[in-house]
Amino acid sequence: MGWEGVGLASYLLIHLWFTRLQADKVATKAMPVNQVGDFGLALEILGPKISRD
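The working numbering puts the first residue of the sequence shown at 1, with every later residue one more than the last.
Relax, there's no trap hidden among the hints.
Ranges between beta-carbon positions, derived for each pair:
id : residue 1 : residue 2 : range
1  : E4        : K25       : 14 to 24 Å
2  : G5        : E44       : 14 to 24 Å
3  : P48       : K25       : 32 to 42 Å
4  : R20       : L46       : 36 to 46 Å
5  : L21       : K49       : 39 to 49 Å
6  : D24       : G47       : 31 to 41 Å
7  : S10       : I45       : 18 to 28 Å
8  : S10       : A42       : 10 to 20 Å
Since the hints were derived computationally from the structure, they do not count as laboratory data. Built from N, CA and C at the ideal position, the CB exists for glycine as well.
Kindly produce the complete structure, drawing on both the sequences and the hints.
Encoded structure:
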């Protein structure tokens with residue numbers, strides 16, 4: 001999905017503050033959290049289509 005670009009942008013923007021250890025940890029956490037959200041969004045979009053068939 002196109003939202004992977006949003007996750008990448010979040011990672012890069014948070015990781016921009018690379019001198020702070022906490023920012024590095026949060027940036028690393030942002031990618032998998034965004035992917036879980038993408039999966040939920042895909043289920044919401046595809047769920048009604050799958051249940052009708």
